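Trainee: As given, the protein sequences belong to chains A and B, one line each in that order.
For the first sequence, the working numbering assigns the number 1458 to the initial residue and increments by one for each residue that follows.
For the second sequence, the working numbering assigns the number 714 to the initial residue and increments by one for each residue that follows.
Keep in mind the hints are simulated off the structure, nothing from the lab.
It should be emphasised that the depicted structure is a prediction, and the values quoted were computed from it without experimental measurement.
Check before you lean on any hint, since a few could be wrong.
[What the hints assert, rightly or not] Using 20 angstroms as the maximum straight-line C-alpha spacing, the simulated EDC-like pairs for lysine to aspartate or glutamate come out as follows:
1) B/Lys-994 with B/Glu-938
2) A/Lys-1719 with B/Glu-878
3) A/Lys-1719 with B/Glu-779
4) A/Lys-1719 with B/Glu-870
5) B/Lys-804 with A/Glu-1547
6) A/Lys-1720 with B/Glu-914
7) B/Lys-788 with A/Asp-1722
8) A/Lys-1548 with B/Glu-715
9) B/Lys-830 with B/Glu-870
10) A/Lys-1563 with B/Glu-790
11) A/Lys-1721 with B/Glu-777
12) B/Lys-804 with B/Asp-725
13) A/Lys-1548 with B/Glu-878
14) A/Lys-1548 with B/Glu-870
15) B/Lys-804 with A/Asp-1722
16) B/Lys-1004 with B/Glu-974
17) A/Lys-1721 with B/Glu-715
18) A/Lys-1721 with B/Glu-734
19) A/Lys-1720 with B/Glu-777
20) B/Lys-984 with B/Glu-974
21) B/Lys-901 with B/Glu-715
22) A/Lys-1461 with B/Glu-734
[Unchecked claim] Pair by pair, the computed Cβ-Cβ distance ranges are:
23) A/Phe-1492 with B/Glu-835: 45 to 53 angstroms
24) A/Phe-1607 with B/Lys-889: 17 to 25 angstroms
25) A/Val-1578 with B/Lys-788: 33 to 41 angstroms
26) B/Lys-791 with A/Phe-1607: 45 to 53 angstroms
27) A/Ser-1650 with B/Asn-807: 41 to 49 angstroms
28) B/Asn-794 with A/Ser-1592: 47 to 55 angstroms
29) B/Gly-934 with A/Ile-1468: 27 to 35 angstroms
30) B/Asn-758 with A/Trp-1697: 31 to 39 angstroms
31) A/Ala-1473 with B/Lys-791: 26 to 34 angstroms
[To be verified] To be clear about the criterion: a stretch of chain B counts as covered by chain A if any three or more of its residues have a C-beta under 8 angstroms from a C-beta of chain A, and this derived list gives those stretches:
32) 912-925
33) 994-1001
34) 1005-1017
By construction, the Cβ of each residue, glycine as well, lies at the ideal position given by its N, Cα and C atoms.
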Amino acid sequence: MIFKTLISGVIREAIAKKVFLGFFILSTLILLGFFIFLNTDSVTGVATMAGDDINQFVLGSEIFILNVSYLLLITFCLIGVSSIIPSMLEKGNIDLMLSKPISRAKIILGKFTGGVLLIFVSLVYLLGAVWLMVSFKFGYWNASVLSSIFILTFSFAVIYSLVIFIGVMTQSSVLSIIINIFLIFLICPFLASRETVLFQFITNNVAQFIINFFYYILPKPGDLQTITTHIINKENIPSWQPVLTSALFLITFLSASIYFFKKKDY
Amino acid sequence: MEVISTKNLKKDYQAGGFSKEKITALKNFSFNVNQGDIFGLLGPNGAGKTTLVKILLGIVYPTEGEVSIFGESIKNEKYKNKIGYLPENHKFPNYLSGEQVLHYFGMLSGLTSTEVKSRSDEYLRIVDMEKWKKTKIKKYSKGMMQRLGIAQAMINEPELIFLDEPTDGVDPIGRKEIRDILLALKDKGKTIFLNSHLLSEIELMCNKVAILNKGELIKEGTIDEITSSGNNYMFTTSDLSDDVINILLSQYFASVHGKNEFIVNTDSTEKLNNIIDILRKNNILILSFFKEKNSLENMFINLIGSQN
């Protein structure tokens, strides 16, 4: 019951901060735009001409929306959840929380689960609605799109574990946003391109080893997105390594957050 | 029965940054609080009061020493089921209403939703906040927040309540109401641990007091023990004659202030009766007669002043 209260507290806080309201409004606008787009004469014309290739058109639309929602998710959710831990650690708030019969580990896990659940619901709303619209319109029901909701939620959970860790260590939401944006939009794509771009210029073995090392220990949002695309296209997944190493990252940072939170005086 | 017991408690804080220097917030601190006590903790700023309360609540870890609450080590969080706490400058989520605050913190205290619902109206009524229960707390005044904080500390019907500056920002009438609430809780057998700068308030409410300075316990006892100034008896009378004044000075070493007031230091009941006999024999009216006491404030200022 206490754990459930912690989770509902996170959801209530996020709603109160109106960031997720923004996410829902924007998602609704995207859905409306997409609905209008689907019902334009040109789309109907393309669908008629495509004939048996309509499935490809459907998959393309779904992947497009997936990529848009991924960007939306990162921006809104990062801003939305980055203050959850720092605000909890504020004087007068943390004292009250720690005086309750809840273990410190449970507090962190509750905040984590609440944030992840929130993103899951947001994604179900956006991607679920897109899937229903496209499927109804073209009569092609590709259920594998729905599995992307889980991959994207997982992708967020990995980032969120780092947000929590930075929050526990520094009590700064701004720093958390900066580090994550830097990591997701700069470092990770940079490392992900190591074989195709970087190693063309860097031939030194030691340097390549260091780059590989960072690639494997850091989260891989781009690679997870690629896996999602493979799933939607019903293609074989070349490697599950990004999922495994990202999961390891999540576990490490969540455990470290719990460890330091347990150790600290407030 | 001992509700709180600490033994040789010590807390060092790192001075900060990369410094190896340590700041000692509590030194060798041992004390007990019994069931049904209203225990007041006094001390100047930086004396270690908040550190002590935070250690008792498991918010700060002691460097050395033992703490037990309800006879059990505080390492097990279960004791917090029987505890209520109102921190100084508490921060409730400002997007919640008064009723929702009680619901949220009641649930975090391990109550069921039904239990919280049945109790929240009762406690909001006790702190006179019932009509504001649907209002978002960001619209509350400081006094209203304190009242809600007290209701929050009571919602799980705790055996032991920690209150840090409970009347901070509350007007005199509100303070009296809070005092009455706390005294009613004491009558129910609850133990209250009070941390307040308002010495007059501590004097009015607490039956036991501990005074801390620079992390050390410098005095502990009942209010009477702490404020007692020895065996000084003060008499206020009608005009004293010169003869009587001479007797008082020569035989009883009294300290006479003018013609209507004198103080005698004695632990002999017989001597006091003799003085009364002398006054009566000389047709002097005794207007008042009492054992002199220090106010808690005077005693506190003298004690801390002498230490610093």
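Trainee: Which earlier hints turn out false for this structure, listed by number in ascending order?
Mentor: 1, 2, 4, 6, 8, 12, 14, 17, 22, 24, 26, 29, 30, 32, 33 and 34
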